[in-house]
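J.: Model the full assembly from the supplied sequences, consistent with the hints where possible.
Letter by letter, the chains look like this.
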Amino acid sequence: MGNFIECCRGFWCGPKNPNVRVSLPIVCFIWQIAMIILFGLFVRYDIESDAHWAEHKKHENITSDIENDFYFRYPSFQDVHVMIFVGFGFLMTFLKRYSFGAVGFNFLVAAFGLQWALLMQGWFHSLDPVDGTIKIGVESLINADFCVAGCLIAYGALLGKVSPVQLMVMTLFGITLYAVEEYIILNLLHVRDAGGSMVIHTFGAYYGLTISWILYRPKLDQAKHLNGSVYHSDVFAMIGTLFLWMFWPSFNSAISNHGDGQHRAAINTYLSLAASVLTTFAISSMSAKKGKVDMVHIQNATLAGGVAMGTAAEFMISPYGSLIVGFCCGIISTFGYVVITPFMEKYLKIQDTCGVHNLHAMPGLIGGIVGAITAAAASPTVYGQEGLVNLFGFTGDYANRSSATQGGYQAAGIAVALAFGIVGGIIVGCILRLPIWGDPSDENCFDDEVYWEVPEDEESIPPVLEYSSHMVGKNPDMMSESNFTVEHR
Amino acid sequence: MGNFIECCRGFWCGPKNPNVRVSLPIVCFIWQIAMIILFGLFVRYDIESDAHWAEHKKHENITSDIENDFYFRYPSFQDVHVMIFVGFGFLMTFLKRYSFGAVGFNFLVAAFGLQWALLMQGWFHSLDPVDGTIKIGVESLINADFCVAGCLIAYGALLGKVSPVQLMVMTLFGITLYAVEEYIILNLLHVRDAGGSMVIHTFGAYYGLTISWILYRPKLDQAKHLNGSVYHSDVFAMIGTLFLWMFWPSFNSAISNHGDGQHRAAINTYLSLAASVLTTFAISSMSAKKGKVDMVHIQNATLAGGVAMGTAAEFMISPYGSLIVGFCCGIISTFGYVVITPFMEKYLKIQDTCGVHNLHAMPGLIGGIVGAITAAAASPTVYGQEGLVNLFGFTGDYANRSSATQGGYQAAGIAVALAFGIVGGIIVGCILRLPIWGDPSDENCFDDEVYWEVPEDEESIPPVLEYSSHMVGKNPDMMSESNFTVEHR
Amino acid sequence: MGNFIECCRGFWCGPKNPNVRVSLPIVCFIWQIAMIILFGLFVRYDIESDAHWAEHKKHENITSDIENDFYFRYPSFQDVHVMIFVGFGFLMTFLKRYSFGAVGFNFLVAAFGLQWALLMQGWFHSLDPVDGTIKIGVESLINADFCVAGCLIAYGALLGKVSPVQLMVMTLFGITLYAVEEYIILNLLHVRDAGGSMVIHTFGAYYGLTISWILYRPKLDQAKHLNGSVYHSDVFAMIGTLFLWMFWPSFNSAISNHGDGQHRAAINTYLSLAASVLTTFAISSMSAKKGKVDMVHIQNATLAGGVAMGTAAEFMISPYGSLIVGFCCGIISTFGYVVITPFMEKYLKIQDTCGVHNLHAMPGLIGGIVGAITAAAASPTVYGQEGLVNLFGFTGDYANRSSATQGGYQAAGIAVALAFGIVGGIIVGCILRLPIWGDPSDENCFDDEVYWEVPEDEESIPPVLEYSSHMVGKNPDMMSESNFTVEHR
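Residue numbers (the working numbering), protein chains in the order written: chain A, 1 to 489; chain B, 1 to 489; chain C, 1 to 489.
Fair warning: there could be bad hints in the mix.
Now the in silico label distances, taken between C-beta atoms and shown as ranges [what the hints assert, rightly or not]: (1) A:Ser379 / C:Ala34: 22 to 30 Å; (2) A:Ala399 / B:Thr405: 50 to 58 Å; (3) C:Asn187 / A:Ser379: 30 to 38 Å; (4) C:Lys58 / A:Ala399: 17 to 25 Å.
Hints were generated in silico from the structure; no laboratory data involved. From the three backbone atoms N, C-alpha and C, an ideal C-beta is built for every residue, glycine too.
T.: Here it is in structure tokens:
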């Protein structure tokens, strides 16, 4: 309670207090206990992960265990899992002194988010009408990871400027919004979005950007010296980039239809990503005075092709279509880093640490549009009658929907994702402005010191002080001298 | 021979001699040649990896190649493989100057261990009664990797304090003990332990801890300055943590029953791990003065949920059951790092470099207990009659075993693993005290210089000059001053 | 145009101009646009990734989607993908100041190469005779990645000494040569080489070595201070090593026959690699004065066992046979690093940055020879009649080929790979000597500064000071002098 009042005072009249010793454990414990209770009430194994599968299999005339959905999806699931934890986590380690926060808070947020996502998505998508429980299997795990991806994208815009408690709150609401948005887009509008160009990327990016806009820090320049990379941190970030890049075909194909659907989604994404790399290098080199390539572009814009294939990957967009999408997105995304991000920061007051606008927002929108066009152009000649029906789910209530109509609904999906991102971001941003979440002061942004026990040895940045502190450790006699030097600066 | 005498002298009257130029090559060559001979005598392909499979398939009425066990297990095998080499290897890179030893000796030990494990496990588990050979397939490879995991856990307790030759000896005996212990637990007691809470983690941890106790170094403080991390080494260690964390569902499901068994094991482990992360963050933040999270906890205790699901993952423990296990283990494991490890070092004379007691020993015991309870509570209602029989193998000699009895045997399994770890550790520890293995002196512990050619460049830059050189880059005016200081030393 | 002339002048009379601001974007754009056009004209989905699969499946009486080739090969494909981008990329990060170039240009070259490979290999291997198009599926993606591997091996020999534009040209020709060579070996000679000992490794290594010979830089000593590692860069390189090592079983099995073929290839490679590790450690320790292990050997020679199993992995070489191959290759490869690489540099004028001669050339040749011998010794007793026919494809035109003849053809394959590597390397090397590609001057080799925006912070430690600081560490008497030097600059 004293802590709470102190925090409030700090907000109104003094420096911020980023001590989360009370709030972080409280949030973690309460939310984890709530998860346990809710899982106890609602969550059960689906038939393919239940020991009754042996009897079910006989009943359904399934001849082999290999037809368990596990074997169709588990390898893709693990790839997606790597993208979420290593991919997103390491992609954000590029800052010179925020690698712990990048990879650590990414870990925390994702681990909480996936539990909440299993519940939220379960209530909306797989509630058993008979017993009111949620049945989970490997596909649920993938969907939970997807849902988390949306929030991690939002974290990219906020990186270094928020406390872990704020991130937890952001995730709680983000997952909730995601589940509703996804329900509207996939179930009510009956839109296809297997790799989530709209549902994940557009939503996540605008959610994060809007929050960042609400939390605008006019004096962020005070932490300017930490808002950049060092040599090794850029190499760490490439670990994230590459695992995202390599496994994106799995991401876009993970929940596609069995058989040709997954197969095609992987191929299209693979091609689109490859094209992005070349145009990213081209624009990056062109935009520098001496033709030097910029690591920021390579770390991010090379991935734009994967984002933009999120919707159309499972469609018959054809190999050269995929290449064209990747080609354009690599250009647009790199251009975004060169021109749009600085513009947004200066004129729109949006501070976008990782440039999620360039990597997720724009390519996500493009992906939605490409998907709408491709869907509208779908014909039985190209897909086969049966293939068309299978892919777009033109059965039951939707048996009479034409491809053109489907295209229209796809486009409507983009608008829904955008609206949820922006409106949700405004609301959550306002909640995060409450002075109780332990966010860092401007000069402490991008600094692991605030929330982490950083090893002493390399910690104090200004070289002068690094020197003097070393001296102290080694030879106390020299302390006065070396400090003199510092004093005289 | 001269080398041998010199070593002995060093042990009794002078400084230790960590030169392994003779002993390491000898051990590597002799053991590798022994492996080739033994493999030549004993090891053959099993029917699913033999070219005769084409005929066998017809004979057994198998319709498709996809029913080859390879496709059920290979993706999990590769995940486990990553855990062994990248997971364990990088997890141990956290020390500031022992990353080569961590990742390099881990590599050496694992590469030897898996060969020896194929033989040892083969003799005990899959000896062909007809021709006396061992038949190997993908499941054997997974089991060999598991067996290696036990020894790598033990390495965690010894990290930085032993020579590579000692590690090889430790592994030779460790694998042997493991195979016998596993045979007793899985075959004689007919206990289920698919993810090895008992067989791998309990055994491995107590084996390592006991050896560490025998090899106690009272003057280890002399290497205190190296027994800690630096910023980048902590980030490297997170690579290990995350690959372990992400792929643990594959670890626990890799050798479970086809179909629902593997499926369920993956889900349970996924959930348990997620819960561990939240409670680890909570306790870590609570236990620090200013609420700062400690990287050591995040790198290790987040994994406790996976260890503790090693036995029960394939059981119908239900999703919320998994969450509870992870919840508790995250707390206990972090608490261990804060309280128990220092206590053990001070009062029990056990120096546990990586804290394997917190990550493997305690969660392993918990896992065994959870498994015993869950097994004892198993009923045909929950599992289906057929599911129950399939899962626990209540056929043949065990057709009449009840769930309650099974629970008792499961509990007995814990005791066996513990006994093998401790007794084996005492014997092997005494062997490793012989003065012939080239172990480092106390002040050389945790230092790659002893066994590795370390690049010259970064090793001995005295802080003073690093400072002055920085100055030069930034502010030439200060150069003279700072250098003066140096001159006056 | 002015740029072109300036470059030429630089070549003949002045310093080189490594500015690629014009050339790199031009190459990237033109080649990517060409890819799009050619893909539009030629590339289509194969039946298993086409939406018509639903109808095809019925027609072919395929009962389940799980028999789509996707599920046989996708997990292996992703492992291979990781090897290409993270494996090769990070393996080359060992240089202290060329990590961006290592991982970044590897990324660029691979992303271009795989597109061009899909076309080239398609024209030679899978051109549909009916409509003249190339049909691609998951196996095509794996083959494209394989093809890229050949060029990345060549990059290993050139690392740090060429411009990105040169790499793109080298890749364009490399892929072309590869596709022709592969067509001759696999189709015309009907040789088996599933893991590419000949086709990938022998070709790629000699291609790169020959180019390096043509581009010999007599004054490369000027960049000597950058041609080495630092502590952390060696740890980064281990990421590459381990992912290559772990996933090599997937590499060698990725395009083997379904069922026992893939299964056996994985087992053999796993064993061979394990044996390599032990002998590498042994020779590395033996060859150093104080028995200290050298990271360069561990990073590279441990992989030789995988290279050398490229041809024979799918054969019935038997487990101990695999161990013997790994045993020998670990020795030879480490020996190569100790003796042959310095010899080649001094006497043969071949500067081989990563030692591809030791890791790929020699083990590749050995792999070809082992494959030829194993094939010649194949008998129906060991393989089963059906197994023998399936594995070696003794059907159709080849129905009467004997095992002995097959062995002869296998040996001929080695010669073809070698010839293509050397002759191709000479031609391409001469093209790369043209003064228009923006290659770095001798003193700028191994330096990321030339082609990358390197973060300011750590970049400008003047070598003089780095040097002087060393002095201090070694010899305190020199301290004042070295600092004087600094003052007087």
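J.: Could you run down the list of hints and mark each one as holding or not?
T.: Hint check:
The given range of 22 to 30 Å is respected by A:Ser379 and C:Ala34, whose C-beta atoms sit roughly 29 Å from each other. Checked against the hint of 50 to 58 Å, the C-beta distance between A:Ala399 and B:Thr405 comes to roughly 56 Å, which is consistent with it. For C:Asn187 and A:Ser379, the hinted distance range of 30 to 38 Å is satisfied, since their beta carbons lie about 37 Å from each other. At roughly 21 Å, the beta carbons of C:Lys58 and A:Ala399 sit within the given window of 17 to 25 Å.
Of the hints listed earlier, there is not a single one the structure fails to meet.
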